[in-house]
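Chemist: Can you make the complete structure from the sequences, with help from the hints?
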Amino acid sequence: MDPNVFLDDDCWSTVVEFIGDLDSLSNLCVCSSWLRTVSIKHYNACPWMRASHDFDFRLRPGHEEKDDVINGKDSSLRARIKDKAMRTEEGMELLSCYAGQDHNAGHAEVDPFEFGGGPLSIEVKVRFKSFEQDWARVFDFRNSFDDSVALMNFNHSFGFDPPRISLQVCRGSKRCTVGGNETVFTRNDWDHIVIAINDDTTRIYRNGILGQVSTDAQEPKKMKRHFHTIGAMVHSSAASYFRSGMSQHMHGTVAYFRMFDGIELSNEDVIKMYARRDEFY
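Residue 7 is where the sequence shown starts when you use the numbering used here, and the numbers rise one by one after that.
Don't read these hints as lab results, they were simulated from the structure.
For clarity, every value in this text was computed on a predicted model and none was experimentally measured.
Don't take each hint at face value.
As the list claims (entries may be wrong) - No farther apart than 20 Å at their CA atoms in a straight line, the calculated lysine to any residue pairs in the SDA-like style are these: (1) Lys72 x Glu115; (2) Lys135 x Asp284; (3) Lys79 x Thr221; (4) Lys180 x Asp205; (5) Lys228 x Glu70; (6) Lys90 x Glu70; (7) Lys135 x Glu70.
As the list claims (entries may be wrong) - The following label-pair restraints were derived from C-beta to C-beta distances: (8) Asp73 x Glu120: 19 to 27 Å; (9) Gly78 x Lys230: 16 to 24 Å; (10) Ser272 x Glu70: 21 to 29 Å; (11) Glu71 x Asp152: 18 to 26 Å; (12) Asp222 x Glu70: 22 to 30 Å; (13) Thr221 x Lys90: 37 to 45 Å; (14) Ser81 x Cys182: 27 to 35 Å; (15) Arg66 x Asn204: 31 to 39 Å; (16) Gly68 x Lys90: 19 to 27 Å.
All C-beta atoms, glycine included, are put in the ideal place defined by N, C-alpha and C.
Modeler: As structure tokens, this is what we get:
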């Protein structure tokens, strides 16, 4: 059988169920050479399979609600749902945390892991219900303000309506923020966002379309940051900061967060990912 034949999704599902994962291919007999070749070709052709970290907050139909979300690529890492955040079939719902309202709106705390120091891509699917809080974080991974990477809405109070999709990467004293009128969040509708970083170039895609390119950006530093938060800003004094109501909570829903450490996703990758943005992997 020709190893260049590309398996359709149904056939590939059968293959994956049989072999378990790519690593187990090496344990198969010699007759698996065709299967290995086809599997690797399919693996390389499917960008969503190359994620280093995958936190999917959507409840699968018929499954009971659980607080922890296990990293689909490393079961030792978890995202823990906090305060009044709630998992649904659409994702993690986050309440408003605007002044005068409940400050325990909710977020997810992710077990820290090392990333950075090279190409990096991130995929998120989010829906903002409102833009009451400026700088509301979709995610915020940091040690301090000097070593961080965050995706936020920038910035309703400065007259950007709807707010811009902005990525901020800080390394020491150098802070780079990428975002512009070409990429904006929508209200009460889903946005599929992909960020691709390589050296000083950062590209931001919204719903499969390249919107913002900066050639004066930077890669995050390679390190394990102490605080990884999805749905709110994190701070070195995180507990008191959340209670203060100053933590820039996102008001809306996060379906999933995926990171591709060491990989710069291509335009073709992003188009494929957008076409399958609603699927479970």
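Chemist: All the hints need checking, so say for each whether the structure fits it.
Modeler: Okay, the hints, checked on the actual structure:
1. Lys72 x Glu115: holds (14 Å)
2. Lys135 x Asp284: Holds, at about 19 Å.
3. Lys79 x Thr221: violated (31 Å)
4. Lys180 x Asp205: holds (14 Å)
5. Lys228 x Glu70: Violated: Lys228 and Glu70 sit about 37 Å apart, past 20 Å.
6. Lys90 x Glu70: holds (17 Å)
7. Lys135 x Glu70: The given pair, whose Cα atoms are some 25 Å apart, is violated under the 20 Å limit.
8. Asp73 x Glu120: 19 to 27 Å: Given range 19 to 27 Å: holds, Cβ gap about 25 Å.
9. Gly78 x Lys230: 16 to 24 Å: holds (20 Å)
10. Ser272 x Glu70: 21 to 29 Å: Cβ of Ser272 to Cβ of Glu70: about 38 Å, so the range 21 to 29 Å is violated.
11. Glu71 x Asp152: 18 to 26 Å: Cβ of Glu71 to Cβ of Asp152: about 38 Å, so the range 18 to 26 Å is violated.
12. Asp222 x Glu70: 22 to 30 Å: For Glu70 against Asp222, whose Cβ atoms are near 48 Å apart, the range 22 to 30 Å is violated.
13. Thr221 x Lys90: 37 to 45 Å: For Lys90 against Thr221, whose Cβ atoms are near 41 Å apart, the range 37 to 45 Å holds.
14. Ser81 x Cys182: 27 to 35 Å: holds (33 Å)
15. Arg66 x Asn204: 31 to 39 Å: holds (34 Å)
16. Gly68 x Lys90: 19 to 27 Å: holds (24 Å)
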